[in-house]
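A.B. asks: Sequence order for the protein chains is W and H.
For the first sequence, the residue numbers in this note's numbering are 1 to 113.
For the second sequence, the residue numbers in this note's numbering are 114 to 225.
Be a bit skeptical, because a hint or two may be false.
[What the hints assert, rightly or not] Far from chain H by the CB rule (all over 10 Å, computed), these chain W residues: (1) Thr13; (2) Leu41; (3) Arg44; (4) Arg72; (5) Pro75; (6) Glu79; (7) Leu111.
[As the list claims (entries may be wrong)] With a Cα cut of at most 30 Å, we get these calculated DSS-like pairs of lysine-lysine: (8) H:Lys170 x W:Lys65; (9) H:Lys170 x H:Lys114; (10) H:Lys114 x W:Lys57; (11) H:Lys130 x H:Lys217; (12) H:Lys130 x W:Lys57; (13) W:Lys65 x H:Lys217; (14) W:Lys18 x H:Lys170; (15) H:Lys114 x H:Lys130; (16) W:Lys18 x W:Lys71; (17) H:Lys170 x H:Lys217.
Everything labelled a hint here was simulated from the structure, so no lab data went into it.
This one's a predicted model, so the numbers in the text were calculated from it and none came from an experiment.
Every residue gets a Cβ at the ideal spot worked out from N, C-alpha and C, and that includes glycine.
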Amino acid sequence: EAQVTQNPRYLITVTGKKLTVTCSQNMNHEYMSWYRQDPGLGLRQIYYSMNVEVTDKGDVPEGYKVSRKEKRNFPLILESPSPNQTSLYFCASSSTYYQETQYFGPGTRLLVL
Amino acid sequence: KNQVEQSPQSLIILEGKNCTLQCNYTVSPFSNLRWYKQDTGRGPVSLTIMTFSENTKSNGRYTATLDADTKQSSLHITASQLSDSASYICVVLSNSGYALNFGKGTSLLVTP
Chain W
1 EAQVTQNPRY LITVTGKKLT VTCSQNMNHE YMSWYRQDPG LGLRQIYYSM
51 NVEVTDKGDV PEGYKVSRKE KRNFPLILES PSPNQTSLYF CASSSTYYQE
101 TQYFGPGTRL LVL
Chain H
114 KNQVEQSPQS LIILEGKNCT LQCNYTVSPF SNLRWYKQDT GRGPVSLTIM
164 TFSENTKSNG RYTATLDADT KQSSLHITAS QLSDSASYIC VVLSNSGYAL
214 NFGKGTSLLV TP
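Please build the complete structure, drawing on both the sequences and the hints.
C.D. replies: So this is what it looks like as structure tokens:
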């Protein structure tokens, strides 16, 4: 089954404790992206990757890091989480940047205390 | 700055009625425009994508229109069902750069 998986689905952590949210797709997609969604602000792009070893900042990259060492994986790293990073996070992938169907993962709900 | 504005912010309609959601954008140069449906707590799902040359595109009871001259798009939902209750998000892609431009969405509630 074609899908994007994220782990964990729910996470409660404390300020400053490094964490990684994993994202994996099984569709051999080139384009992958991370978003955060907050009430009243909608989806905002954090980082995206056009292909392996190619990443770039989206609208809200501060406090986040990503890596794309393999085509299928695109982890999101919070080196020192802060309460303002409490949010719902989505990973997504598509065959190319222009490709119609962008597949979204189920989301990761993060609470930083 | 590239912007995508959606209206209304929220909408309540009776089951069986039609409705139209609006999306205005300033993204330039334009590549394509997408409509997504997002159920509460779940990831968005693509409904339609429209390129510069397309005026209308349908996906079942969903019909999207695009006026590239006025930079406006609409999503029309026919004979609404309770399962149409969701947030509808307009996304515009530019030919310049690779970031996507998201609207804040319209929250639709269909009541019995």
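A.B. asks: So if I understand the rule, the pair passes when the alpha-carbon distance is 30 Å or less; does Lys130 of chain H with Lys57 of chain W pass?
C.D. replies: violated (42 Å)
A.B. asks: Against chain H, does Arg72 of chain W hold up as non-interface, every C-beta pair farther apart than 10 Å?
C.D. replies: holds (18 Å)
A.B. asks: Evaluate the condition: distance from the CB of Pro75 of chain W to the nearest CB of chain H exceeds 10 Å.
C.D. replies: holds (17 Å)
A.B. asks: So if I understand the rule, the pair passes when the alpha-carbon distance is 30 Å or less; does Lys114 of chain H with Lys130 of chain H pass?
C.D. replies: With a Cα-Cα distance of about 36 Å, the restraint between Lys114 of chain H and Lys130 of chain H is violated, given a limit of 30 Å.
A.B. asks: Below or equal to 30 Å on CA atoms is what counts here, so check Lys130 of chain H against Lys217 of chain H.
C.D. replies: This hinted pair holds, its Cα atoms lying about 24 Å apart.
A.B. asks: Decide if the proposed pair is consistent with the structure: Lys114 of chain H and Lys57 of chain W, CA atoms, cutoff 30 Å inclusive.
C.D. replies: holds (16 Å)
A.B. asks: For a C-alpha distance cap of 30 Å, please report whether Lys170 of chain H and Lys65 of chain W respect it.
C.D. replies: violated (38 Å)
A.B. asks: Would Leu41 of chain W pass as off the interface with chain H, using Cβ distances and a cut of 10 Å?
C.D. replies: violated (7 Å)
A.B. asks: Far enough from chain H: is every CB of that chain over 10 Å from the CB of Thr13 of chain W?
C.D. replies: At about 20 Å from chain H, Thr13 of chain W clears the 10 Å cut-off, so the statement holds.
A.B. asks: Hey, Lys65 of chain W versus Lys217 of chain H, does the alpha-carbon distance stay inside 30 Å?
C.D. replies: holds (24 Å)
A.B. asks: Compare the distance between the alpha carbons of Lys18 of chain W and Lys170 of chain H with 30 Å, and conclude whether the hinted pair is satisfied.
C.D. replies: Roughly 45 Å separates the two Cα atoms, so the pair is violated.
A.B. asks: For the pair supplied as a hint, Lys170 of chain H and Lys217 of chain H, is the alpha-carbon distance within the 30 Å limit?
C.D. replies: holds (22 Å)
The structure fails hints 2, 3, 8, 12, 14, 15 (numbered hints given earlier, in ascending order).
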